[in-house]
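Protein chains in written order, with my numbering: chain X, 6 to 242; chain S, 67 to 178.
Think of the hints as simulated: they come from the structure by calculation, not from any bench. Don't take each hint at face value.
[What the hints assert, rightly or not] Calculated cross-link-like contacts (lysine-lysine; reagent style DSS-like; alpha-carbon spacing at most 27 Å): (1) S:Lys70 to X:Lys80; (2) X:Lys76 to S:Lys147; (3) X:Lys236 to S:Lys139; (4) S:Lys141 to X:Lys80; (5) S:Lys139 to S:Lys154; (6) X:Lys241 to S:Lys169; (7) X:Lys80 to X:Lys236; (8) S:Lys157 to S:Lys169; (9) X:Lys202 to X:Lys76; (10) X:Lys80 to S:Lys147; (11) S:Lys139 to X:Lys80; (12) X:Lys241 to X:Lys154; (13) X:Lys76 to S:Lys141; (14) S:Lys123 to X:Lys241; (15) S:Lys70 to S:Lys139; (16) X:Lys236 to S:Lys169; (17) X:Lys80 to X:Lys157; (18) S:Lys157 to S:Lys123; (19) S:Lys123 to S:Lys147; (20) S:Lys172 to S:Lys147; (21) S:Lys70 to S:Lys157; (22) S:Lys154 to S:Lys70; (23) S:Lys172 to X:Lys80; (24) X:Lys241 to X:Lys157; (25) S:Lys154 to S:Lys141; (26) X:Lys80 to X:Lys241; (27) X:Lys76 to X:Lys241; (28) X:Lys236 to S:Lys141; (29) S:Lys123 to S:Lys169; (30) S:Lys154 to S:Lys169; (31) X:Lys157 to X:Lys76; (32) S:Lys169 to X:Lys76; (33) X:Lys241 to S:Lys154; (34) X:Lys154 to X:Lys76; (35) S:Lys70 to S:Lys123; (36) S:Lys147 to X:Lys241.
[Stated by the list, open to error] Now the stretches of chain X that chain S is said to cover, found in silico as 3 or more residues with beta-carbon under 8 Å: (37) 39-46; (38) 61-73; (39) 76-87.
Idealized CB from N, CA, C, for every residue including glycine.
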Amino acid sequence: METTTPFDLNHAIQQWRNDLAQSSAFRGENLDELETHLRDSVVALQARDLSAEEAFYVAARRVGTGAVLIKEFGKVNAVNVWVERCLWALIVMQLWNVISHAGIVLVTFLAQGTNVFNRGGGMASLYELTTIVAVAVAPTLITVFVMWKLFKSPDSGIGVLLNWLSGQPVVLAASLFLMNAAMGWVNLAEQAHFIKKYAPQSHSPFPLVAYYQIFLPHLLVAGLVFVIARKRLLRKA
Amino acid sequence: MLTKELAAASTVPLVLSVLTEGENYGYALIQRVRELSGGQIEWTEGMLYPVLHWMEKEDMIESEWRAAETGRKRKYYRLRKEGHQALKEEKQRWLTVHETMEKLWKQQPRLT
Numbered sequence: 006m007e008t009t010t011p012f013d014l015n016h017a018i019q020q021w022r023n024d025l026a027q028s029s030a031f032r033g034e035n036l037d038e039l040e041t042h043l044r045d046s047v048v049a050l051q052a053r054d055l056s057a058e059e060a061f062y063v064a065a066r067r068v069g070t071g072a073v074l075i076k077e078f079g080k081v082n083a084v085n086v087w088v089e090r091c092l093w094a095l096i097v098m099q100l101w102n103v104i105s106h107a108g109i110v111l112v113t114f115l116a117q118g119t120n121v122f123n124r125g126g127g128m129a130s131l132y133e134l135t136t137i138v139a140v141a142v143a144p145t146l147i148t149v150f151v152m153w154k155l156f157k158s159p160d161s162g163i164g165v166l167l168n169w170l171s172g173q174p175v176v177l178a179a180s181l182f183l184m185n186a187a188m189g190w191v192n193l194a195e196q197a198h199f200i201k202k203y204a205p206q207s208h209s210p211f212p213l214v215a216y217y218q219i220f221l222p223h224l225l226v227a228g229l230v231f232v233i234a235r236k237r238l239l240r241k242a
Numbered sequence: 067m068l069t070k071e072l073a074a075a076s077t078v079p080l081v082l083s084v085l086t087e088g089e090n091y092g093y094a095l096i097q098r099v100r101e102l103s104g105g106q107i108e109w110t111e112g113m114l115y116p117v118l119h120w121m122e123k124e125d126m127i128e129s130e131w132r133a134a135e136t137g138r139k140r141k142y143y144r145l146r147k148e149g150h151q152a153l154k155e156e157k158q159r160w161l162t163v164h165e166t167m168e169k170l171w172k173q174q175p176r177l178t
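So here's chain S without its partners, still in its complex pose:
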């Protein structure tokens, strides 16, 4: 299970990445991340929405209220051009961290 801090830090890149699969709504975004992480990434679900609203203010994503198949209205989010760019930058940062750690851990096999 991820620490709170790491889960919070990875929220934006995870949301951006899931939205590259197509538009989606909050509940389904959380389910997708849970499924992909094998239950390792668990958010306090309501806290995703302030992040989504912040991302919307930053023009990374846009949203639209639409009626779902249940008849209830749902807010769907989709990536904007700026979101694709932000994801590219996020990917670069996370890969840098990942590659650095991998090199270090290859040098120190006993750590694993």
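Chain X on its own, in the form it takes in the complex:
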């Protein structure tokens, strides 16, 4: 025998609101106002003998589809939309950087393993070509692929994680900084090892300034991420 779950109006309204809240086009106050409108409309429709479920779907349809509302609310909350875009641009930039550094570390590690530097000629050119692919092309493709998957299915694991992180300014900024700093440090250590192995006569490859050069920009970007993510939260409240 078929069993049906009874329709929960409050749950449906909360779900409808949560879907809209995914967009930066709405402030918290806008969602409160739309929810009140939806509830008024549901009550009026129920008074005309519609069931709760029917009334909800008719009322939601009358309020408008998500895409239409996002477009119109985005015009009056343009600052919110730009804050959101800046935040995602910074996140993407930092993720790209981590993947790019991982590419350098990997290619250099493999190159040392195959001893291409002592072979010269074509092998050295192959190393350069592989480096370009690993440092620029592959990270760009990987980042674009990840972001595309994210927008296609925001409910996937990484989508949920990034959405949660975007609501936690401190955790977001700290994790981006730590990922980049760790990858920068690994890269620096590998270069030091590499120089020591192939050019032992050169000066210390690890001057203090190298740390600043690697860590300071990431620290500044992390600070910027924190400020924008916090501003975004305050504007959405």
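Keeping the supplied structure of chain X fixed, place chain S upon it in accordance with the hints.
Chain S alone, transformed into the frame defined by chain X:
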């Protein structure tokens, strides 16, 4: 039924006009316009709010959150002095269009 474009163009003067009757909230504004137009003017309801917020930024109206009789909070809108002035100007524009069309259509009765 009005075209989308005409419904959009008439939103501001209609809201200003309804608010001359006294303060009101979004859902009730829509119901009032529907009732007065005999169902001829139908908005995508959620799209009224960005217009209301824009009008608020332009100082035509002001708003206040208050608890309604149901216990839920509602945002009420009311006209400001600038809103009365804006309505006066809107009225003049719409009357100009209306009078011009009326004169033209009186000259060409077969159009009706």
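Keeping to a limit of 27 Å between CA atoms, is the pair of Lys70 of chain S and Lys80 of chain X held or broken? Judged against 27 Å, a Cα distance of about 18 Å means the pair holds.
Is it true that the CA of Lys76 of chain X sits at most 27 Å from the CA of Lys141 of chain S? 22 Å, holds
Given the proposed pairing of Lys241 of chain X with Lys154 of chain X, does the C-alpha separation stay at or below 27 Å? 25 Å, holds
Is the straight-line distance between the alpha-carbon of Lys154 of chain S and that of Lys70 of chain S 27 Å or less? 24 Å, holds
Assess, step by step, whether the Cα of Lys241 of chain X is no farther than 27 Å from the Cα of Lys169 of chain S, and give holds or violated. The hint is violated at about 51 Å.
Lys157 of chain X and Lys76 of chain X: Cα distance at most 27 Å? Holds: Lys157 of chain X and Lys76 of chain X sit about 19 Å apart, inside 27 Å.
Assess, step by step, whether the Cα of Lys241 of chain X is no farther than 27 Å from the Cα of Lys157 of chain X, and give holds or violated. 23 Å, holds
For a C-alpha distance cap of 27 Å, please report whether Lys147 of chain S and Lys241 of chain X respect it. Status violated; Cα separation ~30 Å.
Do the alpha carbons of Lys80 of chain X and Lys147 of chain S lie within 27 Å of each other, as the hint requires? 25 Å, holds
Hey, Lys123 of chain S versus Lys169 of chain S, does the alpha-carbon distance stay inside 27 Å? 37 Å, violated
Next pair to validate is Lys76 of chain X with Lys241 of chain X; report whether the Cα-Cα distance is within 27 Å. Distance of about 16 Å is within 27 Å: holds.
So if I understand the rule, the pair passes when the alpha-carbon distance is 27 Å or less; does Lys141 of chain S with Lys80 of chain X pass? Roughly 20 Å separates the two Cα atoms, so the pair holds.
Of the numbered hints given earlier, the model fails hints 2, 5, 6, 9, 15, 16, 20, 23, 29, 32, 33, 36; all others are met.
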